[in-house]
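Q: Sequence:
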Amino acid sequence: MVVTSVEKWYKVGDNMFMGEYHHTMDDKGRLTIPSKIRYELGESFIITRGIDKCLFIYTKDEWNNIIAKYKTLPNTKDARNFMRVFLSGASVCEFDKQGRINISGPLIKYADLNKECVIIGVSDRLEIWSMENWNKFMEDSESNLSDIAEELFNNNLNI
236 MVVTSVEKWY KVGDNMFMGE YHHTMDDKGR LTIPSKIRYE LGESFIITRG
286 IDKCLFIYTK DEWNNIIAKY KTLPNTKDAR NFMRVFLSGA SVCEFDKQGR
336 INISGPLIKY ADLNKECVII GVSDRLEIWS MENWNKFMED SESNLSDIAE
386 ELFNNNLNI
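Add 235 to a position in the sequence shown, counting from 1, and you land on the number used in the working numbering.
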């Protein structure tokens, strides 16, 4: 499946990102974030390792919510290991004058990022995917999306 460029962004209410944007990362790890989103993220925000081989971007307010939840987790091996991976990749990020962010080498490696990237809005966060990983995810998910929706929403979702 080939994904065409889509340049739609929306933020509906507080912490509600959605949409998809395709952009090219340069050789220095810089990626332009659409201007429509920059305002919503604020002057600085948090970028970290996500789940499923992508990166997560959070506003500072949403990040503070996550850290507050982290502090309530039991001190189990799984909780410690997850937070080690999640927090060790986290850093405060700001836009340069061209509206780009600079993604660190370890985060680029973690998410298999190369030239072609996909930025998506997922409710309270943005995700950055390599084009290859995103296309594979979409291909794998399309065939069972109906089953997933049915399971999650118990037939109460009217789409």
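I should point out that these hints are in silico values taken from the structure, not numbers from a laboratory.
Positions of the beta carbon are idealized from the N, C-alpha and C atoms, including for glycine.
Heads up, some of the hints might be wrong.
Claimed, not checked - In silico DSS-like links for lysine-lysine, alpha-carbon gap of 27 Å or less:
(1) K271 <-> K288
(2) K263 <-> K295
(3) K271 <-> K350
(4) K350 <-> K288
(5) K295 <-> K306
(6) K288 <-> K371
(7) K295 <-> K271
(8) K288 <-> K304
(9) K344 <-> K288
(10) K312 <-> K344
(11) K295 <-> K371
(12) K304 <-> K371
(13) K350 <-> K371
(14) K344 <-> K332
Stated by the list, open to error - Label-pair ranges, simulated between beta-carbon atoms:
(15) V357 <-> N299: 11 to 21 Å
(16) Y305 <-> L387: 20 to 30 Å
(17) K332 <-> N379: 36 to 46 Å
(18) G264 <-> D382: 18 to 28 Å
(19) E385 <-> K295: 18 to 28 Å
(20) D382 <-> R319: 28 to 38 Å
(21) M251 <-> P309: 25 to 35 Å
(22) F388 <-> K332: 42 to 52 Å
(23) E385 <-> K332: 44 to 54 Å
(24) F372 <-> N300: 40 to 50 Å
(25) F321 <-> M251: 18 to 28 Å
(26) R315 <-> N389: 28 to 38 Å
Q: Evaluate each hint against the coordinates.
A: Quick rundown of the hints versus the structure:
1. A hinted pair counts as satisfied when its Cα atoms are at most 27 Å apart, and K271 with K288 qualifies at roughly 25 Å.
2. A threshold of 27 Å between alpha carbons decides the hint, and for K263 with K295 the separation of about 25 Å falls inside it, so the pair holds.
3. Only pairs whose Cα atoms come within 27 Å are accepted, and K271 paired with K350 is accepted, the gap being roughly 22 Å.
4. For the hint pairing K350 with K288, the CA-to-CA distance comes to about 16 Å; that is within 27 Å, so the pair holds.
5. Straight-line distance between C-alpha atoms of K295 and K306 comes to about 17 Å, which keeps the hinted pair within the 27 Å bound.
6. Our distance criterion of 27 Å between C-alpha atoms is met by K288 and K371, whose separation comes to about 12 Å.
7. The hinted pair formed by K295 and K271 meets the criterion: a straight-line CA distance of about 18 Å does not exceed 27 Å.
8. Distance hint between K288 and K304 is fulfilled; the C-alpha atoms sit about 23 Å from each other, no more than 27 Å.
9. Among the hinted pairs, K344 with K288 is consistent with the structure: their alpha-carbon atoms are about 9 Å apart, no more than 27 Å.
10. With a C-alpha separation of about 25 Å, the suggested pairing of K312 with K344 holds against the 27 Å cut-off.
11. Under the criterion of a C-alpha separation no larger than 27 Å, the hint pairing K295 with K371 is inconsistent with the structure, at around 30 Å.
12. Of the pairs offered as hints, the one joining K304 and K371 is violated, with about 31 Å between alpha carbons and a cut-off of 27 Å exceeded.
13. Annotation: proposed proximity of K350 to K371 holds, straight-line Cα distance about 16 Å (limit 27 Å).
14. A threshold of 27 Å between alpha carbons decides the hint, and for K344 with K332 the separation of about 25 Å falls inside it, so the pair holds.
15. One distance hint, 11 to 21 Å for the beta-carbon pair V357 and N299, holds here, with the actual separation near 18 Å.
16. For the hinted restraint 20 to 30 Å between Y305 and L387, the CB-CB distance of approximately 24 Å keeps it satisfied.
17. Take K332 and N379: their Cβ atoms lie about 44 Å apart, and the range 36 to 46 Å holds.
18. Checking the proposed 18 to 28 Å range against G264 and D382 shows it is violated: the Cβ atoms sit about 38 Å from each other.
19. About 36 Å separates the C-beta atoms of E385 and K295, a value inconsistent with the hinted range of 18 to 28 Å.
20. Distance hint check: the CB atoms of D382 and R319 are about 34 Å apart, consistent with the given range 28 to 38 Å.
21. Taking the beta carbon of each, M251 and P309 are about 30 Å apart, inside 25 to 35 Å as hinted.
22. A C-beta distance of roughly 44 Å is found between F388 and K332, which places it inside the suggested range of 42 to 52 Å.
23. The given range of 44 to 54 Å is respected by E385 and K332, whose C-beta atoms sit roughly 47 Å from each other.
24. At about 26 Å, the CB distance of F372 to N300 disagrees with the hint of 40 to 50 Å.
25. The hint said 18 to 28 Å for the Cβ distance between F321 and M251, and at roughly 22 Å that hint holds.
26. Take R315 and N389: their Cβ atoms lie about 34 Å apart, and the range 28 to 38 Å holds.
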